[in-house]
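Using the hints, position chain B against chain A.
Those protein sequence lines, which keep their order, are chains A and B. Heads up, the first sequence is in my numbering, so the first residue is 1 and it goes up one at a time. Heads up, the second sequence is in my numbering, so the first residue is 1 and it goes up one at a time.
Hints may be right or wrong, so weigh each one.
Just so you know, same-sequence chains aren't split out, so a pair can sit in one copy or run between any two.
Listed below are the simulated DSSO-like cross-link pairs for lysine-lysine, each with C-alpha atoms no more than 30 Å apart in a straight line [unchecked claim]: (1) LYS170 - LYS17; (2) LYS17 - LYS376; (3) LYS217 - LYS391; (4) LYS376 - LYS170.
Calculated from the structure, these hints are not laboratory results.
2 protein chains.
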Amino acid sequence: MAFRVEDRVRPYDLIRKKRDGGELTAEEITSLVDGFVRGEVADYQVSAWLMAVYFRGMTHRETADLTMAMARSGRMLDLRGIPGVKVDKHSSGGVGDKTSLVVVPLVASCGVPVPKMSGRGLGHTGGTLDKLESIPGLRTAVEVEAFVEQVRRLGCAIVGQTADLVPADKKLYALRDVTATVDSIPLIASSIMSKKIAGGADAIVLDVKAGSGAFMKDLHSARTLAQVMVAIGSQLGRRTVALVTDMDQPLGHAVGNAVEVREAVATLRGEGPGDLTELCLSLGAEMLRLGGRARELDEARQLLVDRLRDGAGLRKLQEMVSAQGGDPAAVEDLDRLPSAPVVLEVCSQQEGYVQGIDAEAVGRVAVILGAGRARKEDRVDPAVGLTVLAKRGARVARGDVVALVHARTLDDAQRAASGLLEAYRVGPVPPEPRPLVHGRVG
Amino acid sequence: MAFRVEDRVRPYDLIRKKRDGGELTAEEITSLVDGFVRGEVADYQVSAWLMAVYFRGMTHRETADLTMAMARSGRMLDLRGIPGVKVDKHSSGGVGDKTSLVVVPLVASCGVPVPKMSGRGLGHTGGTLDKLESIPGLRTAVEVEAFVEQVRRLGCAIVGQTADLVPADKKLYALRDVTATVDSIPLIASSIMSKKIAGGADAIVLDVKAGSGAFMKDLHSARTLAQVMVAIGSQLGRRTVALVTDMDQPLGHAVGNAVEVREAVATLRGEGPGDLTELCLSLGAEMLRLGGRARELDEARQLLVDRLRDGAGLRKLQEMVSAQGGDPAAVEDLDRLPSAPVVLEVCSQQEGYVQGIDAEAVGRVAVILGAGRARKEDRVDPAVGLTVLAKRGARVARGDVVALVHARTLDDAQRAASGLLEAYRVGPVPPEPRPLVHGRVG
Numbered sequence: 001m002a003f004r005v006e007d008r009v010r011p012y013d014l015i016r017k018k019r020d021g022g023e024l025t026a027e028e029i030t031s032l033v034d035g036f037v038r039g040e041v042a043d044y045q046v047s048a049w050l051m052a053v054y055f056r057g058m059t060h061r062e063t064a065d066l067t068m069a070m071a072r073s074g075r076m077l078d079l080r081g082i083p084g085v086k087v088d089k090h091s092s093g094g095v096g097d098k099t100s101l102v103v104v105p106l107v108a109s110c111g112v113p114v115p116k117m118s119g120r121g122l123g124h125t126g127g128t129l130d131k132l133e134s135i136p137g138l139r140t141a142v143e144v145e146a147f148v149e150q151v152r153r154l155g156c157a158i159v160g161q162t163a164d165l166v167p168a169d170k171k172l173y174a175l176r177d178v179t180a181t182v183d184s185i186p187l188i189a190s191s192i193m194s195k196k197i198a199g200g201a202d203a204i205v206l207d208v209k210a211g212s213g214a215f216m217k218d219l220h221s222a223r224t225l226a227q228v229m230v231a232i233g234s235q236l237g238r239r240t241v242a243l244v245t246d247m248d249q250p251l252g253h254a255v256g257n258a259v260e261v262r263e264a265v266a267t268l269r270g271e272g273p274g275d276l277t278e279l280c281l282s283l284g285a286e287m288l289r290l291g292g293r294a295r296e297l298d299e300a301r302q303l304l305v306d307r308l309r310d311g312a313g314l315r316k317l318q319e320m321v322s323a324q325g326g327d328p329a330a331v332e333d334l335d336r337l338p339s340a341p342v343v344l345e346v347c348s349q350q351e352g353y354v355q356g357i358d359a360e361a362v363g364r365v366a367v368i369l370g371a372g373r374a375r376k377e378d379r380v381d382p383a384v385g386l387t388v389l390a391k392r393g394a395r396v397a398r399g400d401v402v403a404l405v406h407a408r409t410l411d412d413a414q415r416a417a418s419g420l421l422e423a424y425r426v427g428p429v430p431p432e433p434r435p436l437v438h439g440r441v442g
Numbered sequence: 001m002a003f004r005v006e007d008r009v010r011p012y013d014l015i016r017k018k019r020d021g022g023e024l025t026a027e028e029i030t031s032l033v034d035g036f037v038r039g040e041v042a043d044y045q046v047s048a049w050l051m052a053v054y055f056r057g058m059t060h061r062e063t064a065d066l067t068m069a070m071a072r073s074g075r076m077l078d079l080r081g082i083p084g085v086k087v088d089k090h091s092s093g094g095v096g097d098k099t100s101l102v103v104v105p106l107v108a109s110c111g112v113p114v115p116k117m118s119g120r121g122l123g124h125t126g127g128t129l130d131k132l133e134s135i136p137g138l139r140t141a142v143e144v145e146a147f148v149e150q151v152r153r154l155g156c157a158i159v160g161q162t163a164d165l166v167p168a169d170k171k172l173y174a175l176r177d178v179t180a181t182v183d184s185i186p187l188i189a190s191s192i193m194s195k196k197i198a199g200g201a202d203a204i205v206l207d208v209k210a211g212s213g214a215f216m217k218d219l220h221s222a223r224t225l226a227q228v229m230v231a232i233g234s235q236l237g238r239r240t241v242a243l244v245t246d247m248d249q250p251l252g253h254a255v256g257n258a259v260e261v262r263e264a265v266a267t268l269r270g271e272g273p274g275d276l277t278e279l280c281l282s283l284g285a286e287m288l289r290l291g292g293r294a295r296e297l298d299e300a301r302q303l304l305v306d307r308l309r310d311g312a313g314l315r316k317l318q319e320m321v322s323a324q325g326g327d328p329a330a331v332e333d334l335d336r337l338p339s340a341p342v343v344l345e346v347c348s349q350q351e352g353y354v355q356g357i358d359a360e361a362v363g364r365v366a367v368i369l370g371a372g373r374a375r376k377e378d379r380v381d382p383a384v385g386l387t388v389l390a391k392r393g394a395r396v397a398r399g400d401v402v403a404l405v406h407a408r409t410l411d412d413a414q415r416a417a418s419g420l421l422e423a424y425r426v427g428p429v430p431p432e433p434r435p436l437v438h439g440r441v442g
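Next comes chain A alone, as it looks inside the complex:
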């Protein structure tokens, strides 16, 4: 067995340096990333290096350099043709997280341009693109030029990442995924931020989720991830703020695709669930402040509330839907969205206070119904999903309807119902309140 002779030279030294706790220079990190993308650095060396990073970590400087090296591996968007401070928004993913569908048009309706590239759902977490595509006709595969033009003209767009965006991240993530090196905060942070940097916005608001439904289960990790991402943004000259927010139970009530669009529209009408509305206002206020539309968060928040009241945010969503080929009437008349043939009521079999709802378990139930993907290749069913009615702290009696299942078949619905009941914890006394926003970094 002979591995390549040239492997003995530079990549070897970089693996050893990280293995021994050293700090790689920007030039070293760039040579590793570029070499990997070009196929000159072997995957077996990169995976050893990734595992060394897993154990040794990276400094903020190294993490920022890795982010930049990845961002530069593909196309970097140039948004200078769009007037104003462009503000991007990212969520680390969760269950029932339809925030982008609300916040992007709402902030744009206040005059701050929001160029947003999103991802698809995978595993128990949903994806904004899948949700948006439940609107008949809507396209998220948009050419970069059309994307930029739409943001310039309308103030916002939500599209899929183009294939030429951050190829290094795609290749590195695929390798991390099979070598147990996903769970490393600097690697997670640089993966997320590389896409934001390549996306070209001037400022970034991050929503880092913590809890059972989040990638980061504990608050400490979520806070650390937020800090590292804010540090990367600042090192790379992008104003960045992160909120650490709760994902210990689903956000809002709806979990799925069309059901989440319905809830997002309700929220833009000012009739949304309290937690979702509150989170949208918190994130949106940060975006308006970074976008220069308000000096203070209170002032920014009031602007957003006004846009909920006067319907400007909803109209902006309609414009965006229309621009991307979707049926704008579906946003007015929600019956035009796909709906599931079977709706089953899920009744509590216990009595007491809801102590918690395992958000990851709820997400898995949604995947089983067909609302999400177990594997990347899977197709999602836009119509199916869940409505989680009784949330943390709610008082339930035996037989109370705690949730609705929207399913393709009765069999699916019954399986989902029993899975959902297992996600509920009910106890005799009300639970301690858990804040929606755990902290802010920026």
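Frame of chain A, contents of chain B only:
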């Protein structure tokens, strides 16, 4: 970029388990090793696992299971046709270490069969096969059947490992070599022991070197390596003893190939350097005891001394040389061995006591002369080398001859001489004595 779907299954779990500090089962380790050898487990996964092992270590049980899985990956020698307890010997490598050339025939001359498979030199350390091959005509590439038959008939053989011995180790080592995962004690120990286990001996005596010329620079690491290897031997039912011995300066005087054979012959005549003779007696006594020829080490030692006196060890070397196609007269008449055209005296430029001789530096000088290999593909020159006359503790005056260089050209000789002088440290007072045998494990 898509890595293989099946990579997400078992290998992934084993990487993660080790990453998180878990202990792999024998079955898990075997599936990883076998899968890697068969090409079913990807090298990028094995390298990530190796790096996780680097950081997390392995229990003695895991290390023994890895050793056995590697040993079983190829041919396992069956030595049951040879009567008696077969005792193998291994040295972790050093500079001027010609111990095997002395100990193997000496122990065999006492009636304990020694079936020895050796390696070649690499980097600053020499290899027994290269030394032996400086005897005209001698072959070390011997078929397994002929090897077993020679040990049965004569009591000993020193041959190269056959290609079908421990293929897993060859493949794993090649991967470790390019991924900075060589320096891991359980990986080093299992690599060495897998070859000993596949070699089929009943008992094993290990010489673990510590010091500047050794792979293990510090005593603590050498002792740990010795302990792990003895634990592996005991778990796998082979009686194993390890001596931790000094390699802070070259062993004996000669460093090279033919020059080392000359010194080995002198030692078998009872005229060898004190340190080399002492080490051969210490290792040989352990071998005789494990081989059941003596109950106590003192008694074993006396048997060996008798064989040095009566020349039986030397005759055994001649028989072995002859059996392997070498010129037996070359062992009597050392002038028949290759000699270098240029012999240069190296004179001290300082006055005082030799504090130490950097053995690794001496080994590198020998490589430059052509006695060793910088790369595996390199050929060695049997004639060239060094004679280190003044050793640690010696009193030297300015102009005293401290060493001889045996070179192909005067230019080579002069470069070697200056390199050699740099390896010497001379000071005004005698150094503290450093023991030859630092410890014993078994």
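Task: Violations among the numbered hints, reported as their numbers in ascending order - done: none
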